[in-house]
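Novice: Sequences and hints are given; from them, build the entire structure.
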Amino acid sequence: MAAYTELLKRPVSPTGVWSWLTTVDHKRIGLLYGVTALTMFFIGGIEAVIMRLQLASSDQTLVSPEVYNQLFTMHGTTMIFMVIMPMGAAFFNYLIPLMIGARDVAFPRLNAFSFWMFLFGTLLMHASFLTMSAPAMGWFAYTPLTSLEFSPTSGVDYWVLGLQVLGIASMAAAFNFVVTIINLRAPGMTLMRMPVFAWMTLIISFLLIFAFPVITIALTLLQFDRWVGTNFYNTAAGADPLLWQHLFWVFGHPEVYILILPAMGIVSDVLPTFTRKPLFGYPAVVFAGVTIAFMGFGVWSHHMFTTGMGAWANGVFSFATMLIALPTGIKVFNWLGTLWGGAIQFNTPLLFSIGFITMFTLGGLSGVMHAIVPVDTQQQDTYFIVAHFHYVLFGGSLFGLMAGIYYWFPKMTGRMLNEGLGKLNFWLMLIGFNMTFFPMHIVGVLGMPRRIYTYGADQGWDNMNMFMTIGSFVIVVSFLVFMVNVIRSLRSGEPAGDNPWGAATLEWSISSPPPHYNFIEIPTITSRYPLWEKDHSVGAAQAHGHDDDSHAVHMPDPSYWPLVLSAGITMLAGGLLIWKWHQILGFTIISVFGLLALYATYRWAFEPVNEPNHEEPHQ
Amino acid sequence: MAGLLLLLAAALSACTNPQTTFSPKSDTAQSIQTLYLLVIVMASIVMVGVFGVLGFALFRFRDRPGRVASQTHGNTKLEIIWTLLPVAILVIIGAPALIAVAGSAKAPDEDALHINVVGHQWWFEVQYPGMGPEDPNNPGERLPLITANEVHLPIGRQIYVTLESVDVIHSFWIPQLIGKTDMIPGTVNELQTFTPQEVGAFYGQCAEFCGTAHAQMRFRAVVESLGDFNEWAEALQTAPADPASELAAAGQTLFLAKGCVACHTIYGMPGAAGKLGPDLTLLGDRRTIGAGIVDNTDENLQQWIRDLQQMKPGTLHMPSFGTLPVENPQHMSDAEIRAVSAFLRGMTLE
Ligand SMILES: [Cu+2]
Ligand SMILES: [Cu+2]
Chain A
1 MAAYTELLKR
11 PVSPTGVWSW
21 LTTVDHKRIG
31 LLYGVTALTM
41 FFIGGIEAVI
51 MRLQLASSDQ
61 TLVSPEVYNQ
71 LFTMHGTTMI
81 FMVIMPMGAA
91 FFNYLIPLMI
101 GARDVAFPRL
111 NAFSFWMFLF
121 GTLLMHASFL
131 TMSAPAMGWF
141 AYTPLTSLEF
151 SPTSGVDYWV
161 LGLQVLGIAS
171 MAAAFNFVVT
181 IINLRAPGMT
191 LMRMPVFAWM
201 TLIISFLLIF
211 AFPVITIALT
221 LLQFDRWVGT
231 NFYNTAAGAD
241 PLLWQHLFWV
251 FGHPEVYILI
261 LPAMGIVSDV
271 LPTFTRKPLF
281 GYPAVVFAGV
291 TIAFMGFGVW
301 SHHMFTTGMG
311 AWANGVFSFA
321 TMLIALPTGI
331 KVFNWLGTLW
341 GGAIQFNTPL
351 LFSIGFITMF
361 TLGGLSGVMH
371 AIVPVDTQQQ
381 DTYFIVAHFH
391 YVLFGGSLFG
401 LMAGIYYWFP
411 KMTGRMLNEG
421 LGKLNFWLML
431 IGFNMTFFPM
441 HIVGVLGMPR
451 RIYTYGADQG
461 WDNMNMFMTI
471 GSFVIVVSFL
481 VFMVNVIRSL
491 RSGEPAGDNP
501 WGAATLEWSI
511 SSPPPHYNFI
521 EIPTITSRYP
531 LWEKDHSVGA
541 AQAHGHDDDS
551 HAVHMPDPSY
561 WPLVLSAGIT
571 MLAGGLLIWK
581 WHQILGFTII
591 SVFGLLALYA
601 TYRWAFEPVN
611 EPNHEEPHQ
Chain B
1 MAGLLLLLAA
11 ALSACTNPQT
21 TFSPKSDTAQ
31 SIQTLYLLVI
41 VMASIVMVGV
51 FGVLGFALFR
61 FRDRPGRVAS
71 QTHGNTKLEI
81 IWTLLPVAIL
91 VIIGAPALIA
101 VAGSAKAPDE
111 DALHINVVGH
121 QWWFEVQYPG
131 MGPEDPNNPG
141 ERLPLITANE
151 VHLPIGRQIY
161 VTLESVDVIH
171 SFWIPQLIGK
181 TDMIPGTVNE
191 LQTFTPQEVG
201 AFYGQCAEFC
211 GTAHAQMRFR
221 AVVESLGDFN
231 EWAEALQTAP
241 ADPASELAAA
251 GQTLFLAKGC
261 VACHTIYGMP
271 GAAGKLGPDL
281 TLLGDRRTIG
291 AGIVDNTDEN
301 LQQWIRDLQQ
311 MKPGTLHMPS
321 FGTLPVENPQ
331 HMSDAEIRAV
341 SAFLRGMTLE
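Chain order of the listed sequences is A and B.
Under my numbering, the first sequence has 183 at position 183, and the numbering climbs by one with no breaks.
Under my numbering, the second sequence has 232 at position 232, and the numbering climbs by one with no breaks.
Hints may contain errors.
Said to hold, decoys possible - Ranges of calculated distance between the beta carbons of each label pair, as one might list FRET restraints: (1) 247/B with 243/A: 45 to 55 Å; (2) 324/B with 59/A: 18 to 28 Å; (3) 130/A with 239/B: 51 to 61 Å; (4) 243/A with 324/B: 49 to 59 Å; (5) 533/A with 63/B: 19 to 29 Å; (6) 59/B with 533/A: 25 to 35 Å; (7) 114/B with 130/A: 31 to 41 Å; (8) 59/B with 521/A: 37 to 47 Å; (9) 313/A with 249/B: 54 to 64 Å; (10) 313/A with 59/B: 15 to 25 Å; (11) 136/B with 463/A: 52 to 62 Å.
As the list claims (entries may be wrong) - In silico SDA-like pairs for lysine to any residue, Cα to Cα no more than 25 Å straight-line: (12) 423/A with 51/B; (13) 106/B with 580/A; (14) 580/A with 593/A; (15) 77/B with 315/A; (16) 77/B with 42/A; (17) 77/B with 224/A; (18) 106/B with 308/A; (19) 423/A with 67/B; (20) 580/A with 224/A; (21) 423/A with 61/B; (22) 77/B with 192/A; (23) 580/A with 212/B; (24) 77/B with 326/A; (25) 106/B with 341/A; (26) 275/B with 528/A; (27) 275/B with 336/B; (28) 258/B with 316/B; (29) 275/B with 150/A; (30) 423/A with 53/B; (31) 423/A with 106/B; (32) 423/A with 52/B; (33) 423/A with 60/B; (34) 423/A with 58/B; (35) 77/B with 291/A; (36) 106/B with 312/A.
Note that these hints are calculated values from the structure, not bench results.
The model shown is predicted, which means the values in this text are computed figures rather than measured ones.
Every residue, glycine too, gets a C-beta built ideally from N, C-alpha and C.
Specialist: Put into structure tokens, the structure is as follows:
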């Protein structure tokens with residue numbers, strides 16, 4: 001028995017590379033997500049800058065059409081699946097247990113597994129650059145362009161398998177957070193006392209659970225078509241090319257809310273802190289979020305107004321899309337209501353939140369424009385659309401996430417970011433963003449289609465494109481400022497203390513950075529803003545929490561198996577790719593790693609705890 | 001601001017931006033434009049409202065010594081108001097929009113001109129059903145009249161366009177005349193009908209990403225008087241006159257000898273009945289070559305035949321004849337290319 005447990009020992013080192021590879025601590029996993037997402041943001045940004053250089057004026061030949069098509073495909077795929085989604089995940093991971101008063105998520109090893117699947121999916125998809133065959137069909141990959149006939153290289157294969165792997169990561173995370181939020185709230189933390197960010201996380205998790213299976217199926221059918229010659233999307237065999245579009249957008253539109261709701265949650269938590277008053281209309285904001293999510297499943301065909309669906313379908317989806325503006329408007333108005341009557345402190349997180357509200361409002365308004373079908377027939381697939389979704393995804397999601405970074409960085413690192421650099425970062429980003437993306441509305445109106453690697457001088461789009469390219473460099477500078485700020489603060493930033501902003505929610509009641517067990521004693525919650533209550537009882541309970549006390553708290557042990565299992569599963573996908581090129585080798589890889597994945601699952605299931613005699617955590 | 005800038009763009013656009021969506025030259029494009037402006041105005045009002053309140057709040061409620069935030073939690077009356085207000089705005093834009101959608105389903109008029117456009121990677125085939133020469137296999141029936149990359153339209157007559165594709169999804173769009181509709185393989189889509197109201201050559205472009213050369217899949221819509229239109233349609237089904245010059249005559253021979261005819265049709269020219277590439281009948285009369293990407297000049301056409309991969313990277317099927325190895329029988333010297341160009345450009349209406 002002793003030998004048995006010895007053999008199956010779990011990793012123990014508290015620091016070093018192995019401690020990160022085997023960590024199940026939600027805070028460390030959150031940081032891993034964040035750092036990976038920022039790295040991918042850098043890569044996606046380089047792709048964008050190359051595209052802007054190519055388009056700076058007419059008839060340029062900086063990159064070939066093939067390369068350009070790869071750039072926009074990977075830029076879109078990267079920014080959506082490997083930057084904004086995981087940035088949201090970084091915050092869920094880091095903050096949710098802290099916000100609801102838990103010591104970790106419900107399934108810590110599954111959480112680690114999510115991260116490793118995400119990382120490996122990212123690597124798998126980017127491996128396509130190494131074989132010079134990055135996907136080049138656009139991030140929504142319309143059939144039949146993605147069939148073997150029209151895309152014979154392995155780009156589509158990388159993309160399909162990469163997304164499948166990323167999908168597993170998202171599904172695992174979604175289930176984890178639903179269970180965590182439903183089950184692990186501290187005593188007294190009723191649903192309606194949760195920070196709005198926790199609410200949005202819960203909603204997003206449900207969105208993921210319902211939306212991702214749809215894309216998984218769509219991708220699986222495509223996989224069958226490309227690997228074994230089925231005809232799910234083969235028009236020559238009578239398939240309807242619109243099948244893919246419906247499946248894709250049934251996933252794709254909820255995905256839009258998966259991308260924006262984290263930012264909405266962040267802003268709803270940042271505003272009260274810097275206005276010194278509670279969120280205006282908390283129930284309305286929460287309910288609007290639920291409504292948006294629910295309605296988000298009923299508007300997908302607004303991406304397909306020009307496919308000839310007919311007047312009925314166009315009318316219904318147009319109507320539904322206009323309706324979704326209502327809950328969105330409610331959120332915006334309640335944020336205004338929160339600012340109204342406050343004592344507004346213009347710190348960087350607040351500035352980014354204001355940036356979010358304004359830019360997102362613009363993006364929302366242009367969104368209503370393309371809900372109007374006849375107008376959309378002029379806007380669809382033009383730069384007007386590109387402008388719109390950058391206003392919601394960059395001006396919206398990313399500004400919101402930046403607000404979150406400036407807001408919680410002190411909690412995560414124990415050090416403040418510099419306010420002066422933060423403000424410089426904000427203004428440069430706001431100006432650069434608008435220089436780059438506002439003129440896209442205009443060139444869109446002037447007829448410039450999206451996804452073109454070149455245009456003629458006769459079109460008269462040159463000046464505006466040059467202006468936009470210059471704007472994109474202002475954005476680049478703003479991110480350099482951000483990087484400088486982060487690096488400086490990590491080295492020599494001002495110490496943050498527990499609650500530098502005087503915020504009201506639970507995560508600010510513990511030290512910065514929090515101890516690995518989070519709360520020495522699980523707090524009891526009596527209101528939505530516990531730290532603003534007169535007696536500060538919650539903060540007091542944590543005050544004597546030193547690391548010495550950690551032996552009293554039993555935390556989940558680190559584990560190798562999430563890492564091994566996700567490597568095994570990813571290599572199954574890798575084996576499928578290789579199978580196309582060399583069947584025996586591919587088959588061998590699939591078998592070996594399939595067995596490895598099986599073995600890892602088994603070891604995971606029967607993993608013992610390190611200190612079996614230790615008392616259970618007191619809840 | 002957004003609205004104003006867009007209007008400004010509109011004012012500037014007509015002459016300097018031939019592909020603008022803001023200079024409608026057909027009844028349908030005009031009605032889209034009206035709706036578009038309404039939406040822009042309403043959106044601008046909302047924007048000014050939101051930004052105004054926001055700006056005021058940020059200034060009025062900024063933190064300063066002695067300022068205490070009012071601890072309000074919400075206000076049900078306000079919540080109702082700011083749900084209903086947007087409803088009113090949505091009704092104002094939504095009602096005409098939905099009426100327009102319903103109207104778009106109207107069947108074409110009896111005497112509408114029917115055109116069928118077929119998308120290919122990366123060019124447009126244009127067919128006028130029942131307007132071509134008599135069908136030899138089916139006396140009494142007329143074949144479609146066929147051309148490529150240029151859609152001729154008589155002014156003042158309703159146009160009814162059906163859309164198809166032989167490969168991937170493309171999208172047919174003439175911003176000044178009509179919004180886009182996708183060309184989907186295996187399906188026949190209908191473009192909303194429209195009546196051109198001004199003579200001119202209008203820009204069109206494929207709007208759905210369709211592969212490597214998507215950016216260079218363009219075309220022109222030529223709106224002309226009924227007389228000109230009929231003359232053009234007639235000429236398209238008349239055997240071409242003998243080449244006017246020796247050079248052009250040599251070009252005609254080469255056109256057969258180099259295998260151009262395997263892919264290209266020239267009406268009335270024996271042996272030239274290929275279908276893989278665009279129909280080249282009356283090429284001299286076309287405004288552009290390469291699917292709308294360059295003007296139809298002698299120089300451009302020679303360059304196209306010599307090295308089209310350089311002009312339009314990714315082009316399918318057609319070889320870059322000037323770059324083929326010399327020992328390849330299809331290789332063409334500059335002199336030969338000049339001859340073929342003279343022949344093709346010599347086929348004009350006169
Ligand atoms: Cu959508
Ligand atoms: Cu195209």
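Novice: A separate judgement is required for each hint: does it hold in the structure or not?
Specialist: Consistency of the hints with the structure:
no. : hint                         : in the structure
1   : 247/B with 243/A: 45 to 55 Å : holds (53 Å)
2   : 324/B with 59/A: 18 to 28 Å  : holds (26 Å)
3   : 130/A with 239/B: 51 to 61 Å : holds (57 Å)
4   : 243/A with 324/B: 49 to 59 Å : violated (42 Å)
5   : 533/A with 63/B: 19 to 29 Å  : holds (22 Å)
6   : 59/B with 533/A: 25 to 35 Å  : holds (31 Å)
7   : 114/B with 130/A: 31 to 41 Å : violated (51 Å)
8   : 59/B with 521/A: 37 to 47 Å  : holds (44 Å)
9   : 313/A with 249/B: 54 to 64 Å : holds (56 Å)
10  : 313/A with 59/B: 15 to 25 Å  : violated (47 Å)
11  : 136/B with 463/A: 52 to 62 Å : holds (55 Å)
12  : 423/A with 51/B              : holds (20 Å)
13  : 106/B with 580/A             : violated (50 Å)
14  : 580/A with 593/A             : holds (17 Å)
15  : 77/B with 315/A              : violated (32 Å)
16  : 77/B with 42/A               : violated (46 Å)
17  : 77/B with 224/A              : violated (55 Å)
18  : 106/B with 308/A             : holds (14 Å)
19  : 423/A with 67/B              : holds (23 Å)
20  : 580/A with 224/A             : holds (13 Å)
21  : 423/A with 61/B              : holds (20 Å)
22  : 77/B with 192/A              : holds (21 Å)
23  : 580/A with 212/B             : holds (23 Å)
24  : 77/B with 326/A              : holds (16 Å)
25  : 106/B with 341/A             : violated (54 Å)
26  : 275/B with 528/A             : violated (72 Å)
27  : 275/B with 336/B             : holds (23 Å)
28  : 258/B with 316/B             : holds (17 Å)
29  : 275/B with 150/A             : holds (20 Å)
30  : 423/A with 53/B              : holds (23 Å)
31  : 423/A with 106/B             : violated (56 Å)
32  : 423/A with 52/B              : holds (22 Å)
33  : 423/A with 60/B              : holds (21 Å)
34  : 423/A with 58/B              : holds (16 Å)
35  : 77/B with 291/A              : holds (20 Å)
36  : 106/B with 312/A             : holds (12 Å)
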